[in-house]
Amino acid sequence: MFGEYSIGDLGSIFVMQGFAGLILFSVYVLMALGLAIIFGQMGVINMAHGEFMILGAYVTWMTSNLFQSYLPSLFSGYFFLAMMLAFLASGALGMLVEWVLIRHLYKRPLDTLLATWGLSLMLQQAYRSVFGAREVGVELPQWMLGSLKVTDSIEVPINGVFVMALTVLITCAVAYVMYKSRWGRQVRAVVQNRIMAGAVGINTAKVDRYTYALGCGIAGVAGSAFTMIGSTGPTSGQLYIVDTFLVVVFGGAASLLGTIASAFSISQTQSTLEFFMSGSMAKVLTLLAVVGILMLRPQGLFALKVRK
Amino acid sequence: MSDEPNKGLQSPLRRKLLMGAAALPFVSILPRPSFGAGPATATVNTTGLAVTDTEVTVGILHSATGTMAISETGSIQAEKLAIEQINAAGGVLGRKIKFIQEDGASDWPTFAEKAKKLLVNDKVAAIMGCWTSASRKAVLPVVEQYNGMLYYPTFYEGLEQSKNVIYTGQEATQQILAGLNWIAKEKGAKSFFFIGSDYIWPRTSNKIARKHVENVLKGKVVGEEYYALGSTQFNSVINKIKLTKPDVIFTDVVGGSNVAFYKQLKAAGVDLSKQALLTISVTEDEIDGIGGENIAGAYACMKYFQSLDNANNKAFVAAFKKMWGEKTVIGDVTQAAYLGPWLWKLTVEKAGSFDVDKIAAASPGIEFKGAPEAYVRIHENHHLWSKTRVGKAKLDGQFELIFETSDLVEPDPFPKGYQ
Amino acid sequence: MLIGHQPKPFLLAVEGLTVSFDGFKAVNDLSFYVEENEIRVIIGPNGAGKTTVLDLICGKTRATSGKIEFRGKELTKLKENQIVKAGVGRKFQTPSIYDDLTVFENLEISFPRGRTVFGALTFTRDATVRDRVHEVAEMIFLKDRLDMSAALLSHGQKQWLEIGMLLIQDPDLLMLDEPVAGMSVSERAKTAELLNRIIKDRSVLVIEHDMKFVEDIAHKVTVLHQGQILSEGTMEKVKNDPKVIEVYLGH
Amino acid sequence: MNANRFTNRSELIGILVLAAFLVVILPLCLDVFRLNLVAKYLTYAFVALGLVICWGYGGILSLGQGVFFGLGGYCMAMFLKLEASSVENTKIQSTPGIPDFMDWNQITALPFFWKPFHSLTFTIAAVILVPGIFALIIGAAMFKRRVGGTYFAIITQAVAAILTILIVGQQGYTGGINGMTDLRTLKGWDIRPDHAKIVLYFFEVGCLFICIFIAQFIRHSKLGRILVAMRDQEDRVRFSGYSVANFKIFAFCVAAILSAIGGAMFALQVGFMSPSFVGIVPSIEMVIYTAVGGRLSILGAVYGTLLVNFAKTSLSESFPELWLFGLGGLFIAVVLAFPNGLAGIWQDHVQPRIDRLISSRKPKAESAWTDNSVADGAPAE
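Sequence order for the protein chains is F, Z, V and U.
Sequence positions in the first sequence follow full-length UniProt numbering and run 1 to 308.
Sequence positions in the second sequence follow full-length UniProt numbering and run 1 to 419.
Sequence positions in the third sequence follow full-length UniProt numbering and run 1 to 251.
Sequence positions in the fourth sequence follow full-length UniProt numbering and run 1 to 381.
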């Protein structure tokens, strides 16, 4: 199928296709980070993760509307405020959900799955009642639109670059918080031995609540970033949930590095396959490969061999 | 939902008062017509439909919940508006139209189940409903088995014709061919890239478009891609488009995927003022979510735009916004849904009966001069003769009419040479 | 390290057994031998690798290298259920019984019959089964609790039930991980009595911290330290071994 | 207790009550339309029944039961669709004699894997074997490697997603998102008129009771107790000489086959099969039927299915907006407050009162809904 294209064309296609894969990679990482914290560290299956993302997207939409109506002069910078608000809104909702629902279920992971699924249905309907069934479009500031021309045939979308930069930033922040900060040590201590952690004076209930809230907050930021490339509707969140879980599981649930590696391999596979076949078949083959590998290597890409 | 038939209330005055009260929110300022002066029920209803001396019941069957609620809300609103207007103008054969609304919940078997309920339990005289092809395919055997009448509003793939269905939207050849001809002539387009959502309507439409491009326009299709419903990543196909440099991108992507597609297209530096794009799936409704700035410059090919400049349409748009709010937009399907109750009323009056068989027989030739899209007529094959128009998307989310066929286009659900 | 010459082959021969977890060698080049009808007690400080040794023998953990030969069969290549069928029974540190079943059903499941899927489907509770369950129940002091849900038993009773579940399997090698931990004084005495009764016709491998208890039952003691054998022999010999005193008994 | 291998006396009473309800009371009280709705709901009861065995007893939560429901349903639908696509029925097509959706997708000959579905015997075998073997493969791959719990749930979910995209994407062979519609006759017998619906209803109820008896048999066999034991202490079972993986595979296959029978019934009852039953959303909804009925109760599964679906139909008729709140709330309530569902409520609150009433005359009565020995325990994890 390459016969019809010139060498130069092919070169730029591979560059751009690789770049498309990188955008997809950023999307997966953003989605999966929050879940990797909640599922990997706490063992909670948060089926409402997509709805936390969409909350972030709706917050972004509302912020953009506010700026357009009241502060049009500052519109070009609204996105940064919107992301912070998205983080706070999703985080706050996460905290509430943890307090009402999740904390009763830490010993029953499969039941968290059912309960958070119920939560996701209720949130969807709530969004529909509040924001309407139709998708909302978030208007971006001018500087985020369009693309950078690298060469004549290679063009790089600006919002793609922005999403990637954001992904790097958030990943570093999460890595710092989880592995370097005192609080991250507490989280890991609680994960490894709840009773012991409690005995040495860590407030485990508080750590749980903030961990869950952090995961949800990151989902909110992800949602905010997605308004640049995707759609925002009451049920948009559900589209992402399976992919996200697969990314986390494929990476090895407790490993941040694994999550990144798995997001990278899945996104590059899918984006490469998409060039050779229809989008739906590319998706099927990618998912099949992931499930197949998981069947052969259930612990995922990165997993610690521990003494049980 | 409207009031139940009140058999216990014999006084005509009380009845009228009650009915007025029920309709109050919508038509309180209109002169209140009186119902019950039409021909005897026994003569106009010989098959036991829900028709009384003063009322006739129809069903509205769309998704109020689930993923399709986004699209179907407009149709529900249009059908309710039409029913209110018909009632305000004296109803059908002197009877007030009462409607029972059922929720198909974006789930095809639920559509079939609710259609059966409307026909078997509620004995509705007609159903205004369905949106996706899948829901229509699910409902079709039910309306055929229980001999109901369905008014289906969406533009669709064709390959279907039923005594029990009136298709108020366009079938594929009607919608596509004129648009392709126009863009081939106007832009000198020779090469086309097709991209659609992965299901029957885009696939059939693209099949017809491909035959037309190859056989009639003597052009070339340089790519044909399908993405699963709900996909949000189009960067790969955009790269392919950039590589193949088609004269025209021809799209039938539906639903939320549109938002992602146009945003990513814009972000990838595809300038729609230079790259011609012809869509058959984006109406004003979709632009609401996509954002005018992301799609401005694209051409859409269908039979109706909200901006159409004629008296019928101005009145329709004003009434619609009055009923459903200033911010609502009206797309092609919404308008087609609005035609349903009116066409049914006209047919019933011509047939002089609510009987489904008589309506089915009387339908061909029914003309509706008050349609917002302007004059339409029902064909022998139960589709509509209608004009096809091309509009150019503007920043404000409206289309500017660029072209319309001079004559009504004949519906041809089983096009020879296109299968 | 080998003691004496043996006229008949060993029941269990562990040779060069090593397992490492991400580089950490929990058991390091370990070799020991258990004879028929011998009661061997493994002692050692926390983290010495005692439980890991039992895990390795019963197949719960896979060895990195080394051999475990039981009645001439190489266990390291077998699956857990095959090891059980070969005649090895294992009791866990914390009582692991089926809370949702009755005491009778707990014992019945361990009865060595109908262990395949279809065997289990067609299993019938005939007189043999009932008699055997009653017999074992009597032995483990739970005769009048047969219809009780196992969740309602006391901690000591749960330990006994698990021992009973092993007995009904009738293994040739019985491995017990801290059988008297967490028991009251009277329960402990009863358990010692129980163990003394059931160890008759089989070999037993016990991990225990309670020195008094060890002295009561052990034929031979193996002291583990950092995954390796520190000392081995009779209780008397081990007790007086200066290396042992230093790392273990000393503090 | 388990004197009888299939049931004890009080369970028999429970089954008789259900039989009276389904065979006598519902047909007498409901019109054909509503009865057909019940028949549709009952097809899900097969799935719920399978989930009781697999999830309630085995502790294996599958979020992909829609896959098996769909496979069973599609096998049946392929047979019915072929019968409905006879040459004279389809003479309008460019290629008469093949299903309409193939014609729309420019397929000109029946694909090879469709051909055997001309035979009803083959179809019935396929309804059982295709999902059964598929479950066997998934189960063997997962359970032999000790994948369970949440991982298994997520992977089954992914399988559901894959199959849905595949069915939708390969529409020339599967009917795509529209599914297979307009199924008409079974061996020449029209399945659409009212009298056929009634016959099919009773046929389905009959099959349901056969499946209930099979489930009862499994539960009262030693295998049932091993499943429970595995849920409590997997290692203990393993070190009692059982191959835990084989038992899990068995439970998963049984659940898959029961789901598939439900799916085949669905195709017959509704005359329709579509990918909307295969995906994640319906699969998770099927879990809630079991959870509402009580994950440990075989009869509870049937009542739970009926209750949730009745609630869905009536709520979505009158308050479509509220339905999702209701369903979502149901999930949360079942998990937080009633982990044993209807059966638990019956056992904790209703049964003791009845017992007290009866005990003044009779000495003893046992629960009709669940086995005491199992229901006492904590919910599965």
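Simulated from the structure, these hints should not be mistaken for laboratory data.
None of these values were measured; they are calculated from a predicted model.
Hints are not guaranteed to be accurate.
[What the hints assert, rightly or not] Pairs of lysine-lysine residues, derived as BS3-like cross-links and limited to a Cα-Cα distance of at most 25 Å, are as follows:
hint: 1; chain 1: Z; residue 1: K123; chain 2: U; residue 2: K91
hint: 2; chain 1: U; residue 1: K40; chain 2: Z; residue 2: K207
hint: 3; chain 1: Z; residue 1: K245; chain 2: F; residue 2: K149
hint: 4; chain 1: Z; residue 1: K187; chain 2: U; residue 2: K144
hint: 5; chain 1: Z; residue 1: K321; chain 2: Z; residue 2: K392
hint: 6; chain 1: V; residue 1: K79; chain 2: U; residue 2: K144
hint: 7; chain 1: Z; residue 1: K187; chain 2: Z; residue 2: K163
hint: 8; chain 1: Z; residue 1: K185; chain 2: Z; residue 2: K163
hint: 9; chain 1: U; residue 1: K144; chain 2: Z; residue 2: K123
hint: 10; chain 1: V; residue 1: K73; chain 2: U; residue 2: K144
hint: 11; chain 1: V; residue 1: K85; chain 2: U; residue 2: K144
hint: 12; chain 1: Z; residue 1: K369; chain 2: Z; residue 2: K394
hint: 13; chain 1: U; residue 1: K312; chain 2: V; residue 2: K77
Hints, verified against the model:
Between Z:K123 and U:K91 the alpha-carbon distance is near 33 Å, which puts this suggested pair outside the 25 Å criterion. For the hint pairing U:K40 with Z:K207, the CA-to-CA distance comes to about 36 Å; that exceeds 25 Å, so the pair is violated. Distance hint between Z:K245 and F:K149 is fulfilled; the C-alpha atoms sit about 17 Å from each other, no more than 25 Å. Distance restraint check for Z:K187 and U:K144: the Cα-Cα separation of roughly 62 Å exceeds the 25 Å cut-off, and the hinted pair is therefore not satisfied.
Among the hinted pairs, Z:K321 with Z:K392 is consistent with the structure: their alpha-carbon atoms are about 23 Å apart, no more than 25 Å. Taken as a hint, the V:K79 and U:K144 pair is honoured in the structure, with Cα atoms around 11 Å apart against an allowance of 25 Å. Distance hint between Z:K187 and Z:K163 is unfulfilled; the C-alpha atoms sit about 40 Å from each other, more than 25 Å. For the suggested pair Z:K185 and Z:K163, the alpha carbons sit about 38 Å apart, so the restraint of at most 25 Å is broken.
The straight-line distance between the Cα atoms of U:K144 and Z:K123 is roughly 57 Å, outside the 25 Å bound, and the hint therefore fails. Proposed proximity of V:K73 and U:K144 is supported: the alpha carbons are some 23 Å apart, at most 25 Å. Distance restraint check for V:K85 and U:K144: the Cα-Cα separation of roughly 19 Å lies within the 25 Å cut-off, and the hinted pair is therefore satisfied. The hinted pair formed by Z:K369 and Z:K394 fails the criterion: a straight-line CA distance of about 29 Å is larger than 25 Å.
With a C-alpha separation of about 54 Å, the suggested pair U:K312 and V:K77 falls outside the 25 Å cut-off, and the hint is violated.
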